[in-house]
Amino acid sequence: MSRTVYVDNNATTRVADEVVEEMLPYFTELYGNPSSMHTFGGQLHKKIEQAREKVADLIGADPSEITFTSCGTESDNAAIRGALESHPKKRHIVTTRVEHPAVLHQCRQLARHGYELTEIAVDQEGLLDLGELRAAIRGDTAIVSVMHANNETGVVFPVEEAAQIAREKGAVFHTDAIQTVGKLPMDMSKGNIDMLTISGHKLHAPKGVGALYIRRGVKFKPLIVGGHHENGKRAGTENIPYIMGLGKACELAKKYMKEEQGRVKSLRDKLEEHLLTNIPNARLNGHKTLRLPNTTNISFEYVEGEAILLLLDEAGICASSGSACSSGSLEPSHVLMAMGVPFTAAHGSIRFSLSHYNTEDDVDYILESIPPIMKKLKDISPYAREIEELEQKAASTANRG
Amino acid sequence: MWDYSEKVKDHFFHPRNVGEIQDADAVGDVGNLACGDAIRLTLKLDNDRIVDAKFKTFGCGSAIAAASALTEMVKGKTVEEAEKLTNQDIADYLDGLPDEKMHCSVMGQEALEAAIANYRGYEKAPSEEGTIICKCFDVTDKVIERVIRENNLGSIEQVTNYTKAGGGCKSCHPDIQQIINDIRGPAVAVAPEPKPVKKMSNIKKMQLVQETIEKEIRPVLTSGGDDVELEDIDGDTVYVSFQGNCIHNATSKEKVRHTVEAKLRELVTEDLVVEEAT
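Quick note, the sequences are listed as chains A and B, same order. Take the first sequence: its position 176, counting from 1, is numbered 176 in our numbering, and each next residue is one higher. Take the second sequence: its position 239, counting from 1, is numbered 640 in our numbering, and each next residue is one higher.
Pulled out of the complex, with its shape left as it was, chain B reads as follows:
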């Protein structure tokens, strides 16, 4: 069991401000079911001052506690004051969070950012801007850069604890390391563990790709209403066609493509690239 502070436990067992403000002036949604946690923050404002805040959270004990703490922290603040809150402020308010759970405080900060962006009429919160680095958990370079600077992080493991980035298929580890190097300098860099190289015949590769799609990938995709069909394999490029919910949305297609590619790289060979058949 995690070593939670008394304050984390108090906010988990007795969460403050649970619910949704029906005529909210600001709404911030972050996370999703697949990632394992999500927050919906709603705010009521009066002359740029937050007069009420409510939350709904799907997540673990510290995710619920972080959201509850956030609502307490922002009430009474102006928008300008609120947007200065950092994830570390949320963690400090709770008398700390386990290292592995710091991403819950970052998610609270992102929910606040998203709500403020919504209040100001922006399409995207600052945390949603930038380039997606971790496709498993949808984390951008901007978020990674910010948590590294604000929390003085120096390793991929710490970045994962704070943002979840790099906690899935791990294919983004070199990119995360590069961001760390750019900010902190290569002196603190930890070289990623070299991946084993597998030698495989073309026939074996094709068999394994087919089997992996059938037995490992399809059951997971279809449970979420998506699907892919294997169309062709040319060298290390696997061509698939998309089916189900994802065909209507380019972002969903990219997510499915990435899921398929990550699984094939994990279970067949790391050289594979998945592309949509034309």
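Bound-form chain A, shown alone:
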């Protein structure tokens, strides 16, 4: 393999060099337990608080509102379970059909154990209807959990407005902001969001660390019980090197967000525009503009996604697919299905998600690599005639234009 172009950053990101540097001393030199009475361990308590300040600063929260966890999934689970435990008489949950499994499977499991669940649909562009959300929330709704941006399509939901609706109706509002923290500016001090999930490895910190923002005053009971760590909100000895890494990653994100996301967006736009213009069977999944700056999800009609991924992989390009055959499931991505993307397209979807580490050379390399891959799969496909029809249609549209 001559080179590697990594464009699967919504799955995970490279740990930033500065983050690694920040973490290293806490494995070897400063390895104490912050709960210890001696200075060697006890001094680390201050370090954790410094990292907490950095995380809080990125999202406009007070440090006391940040609880460190082991990952985004734990934060999502803790938020939902914590809200339900705190409001035992309320037995209704509202979420969307396109949530990450960390939320969706948790909610569906609760529904099998006596809770009532309402899953809000999305439209063909992946957008949420706030009127539908308002209608779904009832007097006995304990929690409304709506993701900030979809991991597959990058479509951004109006969570501030959704949180306001939830508050008016007396429900706790949680958002899984794993894909947006560090990419979009946010200010918890001004809105109505009660809980917000952060995952370290989506913003250049390592895997195995996350955080949960819990607005001061919001009732919460811990998912993991034991000692009095994290102000009683999450038991377990603190994973100090990783917490320090998350703090540093948040500090870097705050510093470079505006400049970096502008640069990443221009690379993403170049990639997307070239693919949609030059590959006749390509179509965008998700809203044209209300999207994360780094994500594009494109379907190549009549071609299968896993086959594309394997050929991309051979060329050293790391992307992902919502095709059924790339997973153990037999149905394509639940997100694309919820959006009503036709089967002809859903089976051939590819997600490219860029980061700070991608360059214009990377985009050019992807754009060079895709046409021969499409030709190879078209030559194998029994639907070559259908692809040719799309090509002719695209050519005649271009000629008219």
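If you're looking for bench data, these hints aren't it; they were derived computationally from the structure.
Computed, partial: chain B to chain A, Cβ under 8 Å:
| no. | residue |
| --- | --- |
| 1 | Phe413 |
| 2 | Phe414 |
| 3 | Pro416 |
| 4 | Val419 |
| 5 | Leu434 |
| 6 | Ala435 |
| 7 | Ala439 |
| 8 | Arg441 |
| 9 | Thr458 |
| 10 | Phe459 |
| 11 | Gly460 |
| 12 | Gly462 |
| 13 | Ile465 |
| 14 | Gly569 |
| 15 | Pro620 |
| 16 | Val621 |
Just so it is clear, CB atoms sit at the ideal spot from N, CA and C, and this is done for glycine as well.
Chain A is already provided as a structure; the job is to place chain B on it using the hints.
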């Protein structure tokens, strides 16, 4: 990423015999776009001996590799020899396939069966006979019985891996379990997980049916040129009228009816039955 053997990768990256024999003596078409994979196998024969084989495949890496392997395996064989090939032979030729991808080898075997049936002038391949058990993926009891016997399967999950049957709405799981029990005996049976029972008022049910058809079902149907209109609801029976491409074909209507019923059962209540309004 799947743990594919070197041979699977070789046949995927360098597929043999890609294309379509123009004056083919036998054509076998299996699968479809909605299911996520399809094979078209064409054969040229001379005195009952297969002298050339070509394939076209829409599908994942292992589907392409299985079709490529199949064409290599059948060339030079007589029809009688070829029809003895099993899906396990295709998987073995490729040094194995992941469990979840065994259905690709079964699809290769079915494409060969369909081509041989076409050569002999039969209307249907053996795999197309029998009663459809899994309506999501069009799998018959005959196919399920055969893969259970030939591959010594004992669970619904294994049947799904090998045939896709039961991988969609899951409403056929009791039927698949019954076939397993009939062949293997109930000792190996795994009881299906009981479904939750939802209580719902009639008004709520009607609202949900209407909403589900509008927002969940119609966009999917119309993208394929089909459509339904809700006509009436009587108890747990939902009456619809069919529109679009499907109205001309009873099989297409049944597929659309099943799609609507499966979605309503998933999102409203599992007791619902969909029927055509008269």
